[in-house]
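J.: Using the hints provided, position chain D relative to the given structure of chain A.
Each protein sequence line maps, in turn, to chains A and D. Once you know that position 191 of the first sequence is 191 in UniProt numbering, the rest is easy, because the numbers rise by one and skip nothing. Once you know that position 39 of the second sequence is 39 in UniProt numbering, the rest is easy, because the numbers rise by one and skip nothing.
If you are wondering where the hints come from, they were derived from the structure by calculation, not from laboratory data. Backbone N, C-alpha and C fix where the C-beta goes; we use that ideal spot for every residue, glycine too. This list has only true hints and no planted wrong ones.
Chain D stretches covered by chain A per the calculated footprint, using a threshold of three residues with CB under 8 Å from any CB of chain A: (1) 49-59; (2) 212-224; (3) 300-307.
To give a feel for the contact side, a few chain A residues facing chain D, derived at Cβ under 7 Å: (4) Pro219; (5) Gly221; (6) Val223; (7) Asp226; (8) Gln285; (9) Leu300; (10) Gly304; (11) Ala323.
2 protein chains.
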Amino acid sequence: MRRSEHPLLSSFIVHSAVLCGGTHGNERTGVTCVRRRQGEEPDREPSPDLLPRPQQPETFQLTPVIANPKAVHLNRRYVDFDLNRCFATEDLSCQDWPDYERQRAGVLNQRFGPKGGSDPACQLLIDLHTTTADLGPTVIINEEDLFARLLAAAVQAELPQLRVLSYFAAPGGKALRDTSAGAGAPGGGGPAASHHPGDYPYLAEITTSGIEVEIGPIPQGLVRGDTQIMNERIVNSLVKTVDSWNRDTPLEIPETLLVYRFTGDQDYPRDHRGAITAMIHPDFQGRDFSILAPGDPLFLDFQGNTIPYQGPGGLRPVFINEASYYEKRTAFTLTEEQTLPLVPR
Amino acid sequence: MRRSEHPLLSSFIVHSAVLCGGTHGNERTGVTCVRRRQGEEPDREPSPDLLPRPQQPETFQLTPVIANPKAVHLNRRYVDFDLNRCFATEDLSCQDWPDYERQRAGVLNQRFGPKGGSDPACQLLIDLHTTTADLGPTVIINEEDLFARLLAAAVQAELPQLRVLSYFAAPGGKALRDTSAGAGAPGGGGPAASHHPGDYPYLAEITTSGIEVEIGPIPQGLVRGDTQIMNERIVNSLVKTVDSWNRDTPLEIPETLLVYRFTGDQDYPRDHRGAITAMIHPDFQGRDFSILAPGDPLFLDFQGNTIPYQGPGGLRPVFINEASYYEKRTAFTLTEEQTLPLVPR
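One chain only, chain A, in its complex shape:
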């Protein structure tokens, strides 16, 4: 697959891209990756093999940015509101938000977007995240973003253990990821109930194409060597892929991409006051991407009783026991496997 052969993207070139870390201030892997690339005196000697040297783009400009500097300084996910839920079009159109993150969203959108614009300042945004769940190396794309599909496939060709999560708007217009239950949660649950179909509130949506890197498990607030190395390998692969694309060099990728598509979130059991009354069952912890069968243990309540799964078969859970999703009323998210073409037929 090469650019000039793509029926829809043959004239799409990435002139300028942005690499965001610290969108969540306590996810330090992305912060470290960005700071390595912001260094005033870049490392001119080849790095030893263990930690890959930052791949320098040759055909485009890559701007490393700390997305939420105040939260990074405080080592918290956010100050007032989850920054990665601030980019719905309607929210961006409001000029007088009192809170820090929604003001910051406006700044980022102005500088690198604007979202939905015909000629955004950047054509690609790479947003770096981590999770306490056992996702392994993962990227998240909007299925409707055809260039993101190609990027994900190219990274997966280099790092076969990479998995691809996706969200999209169903033909009828209903967003398949049902996060409405969390919309009123502190700091923002899922997209606001009023968001337009396919109008997602994520930072990666403000440029023409976008991709989130998501690696776990890692606790919040720390840097781990293994996570950092994997993060850097993914970013380097993305940079090399964009260079190849811009040069019209063929990408060595298969014809289809397997994605795990979000279908809905599952909350923890709660009492009448809203307090959580159970934890993820020890047999379920870390089973991200495994098929869930009716009757499988899901939760262990604080009396010691096992609560089994009672939903449909064939789905695969992800983000099991993500620390920041307690407030979003999400114990885990269900996905279904889907095979997508890399070139529309």
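T.: Relative to the frame of chain A, chain D by itself:
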């Protein structure tokens, strides 16, 4: 070993004890344990085996307490200052601290101590913690606390994988754990430089005897089934041991206790501005309690260079990559093995 045979503790009986969770507000395991025991309608049916039913004390009163409710509500380690560094005698004697935790320390000390008093309200304090480091199930004691040694040994007899960390004041009066480098760090590093020899600032010091439970690895801000079950098994074992002691029933314990004694903290490499320039080396991550030899990889700097260990041989690191210790300038803590008698000779 039975109480009536102990040369120093034969008349020591625990009438009242306190079980503290949430001393650090984002360590949710202890919070969950305490809330299970605060339940207004205690579970009267036997719990299924997986999550142990809370052992009810039969010879003493056990008060479950959320030590730092404001930090628990905020899901942060602390609001103004690390509560578990607020209990140095001099700090407790000051009545007009402006910050929340030092006020709270005064309240806890009044209610369950006072520290150093001849007749404290509680004779035992169990303080529940977790860590992002790979400690496994661990308890921390003050070596000079002879009853805590017996408690640790009794729990270890039931749970052989349990390890015991200890701190103590050397005969010359110098506290062996050198935490002075962190004394000026935000939220409190180690004990204030002015603390008296053996006068530790930890919550577990305010009653006649005290013990900290410390389990890892677990990210901050979440509850994990495996950690919760282990926490509850340790607490239950402590409760049973105290009942046996009070009743003068023999404790089935060996004659000595192996402890890992704190000898000093190691900071991360930093630049001239104080910014961290390296991470724990991937080969060192999770090697808590393993012997460290000169030349072993310790850090991987952000250029990719390995920084080896250059200190003396024979020591064992713990708290490797604990998230809350970045601000305390502690990448890990070194310990040395020590065999202590359970009955003084």
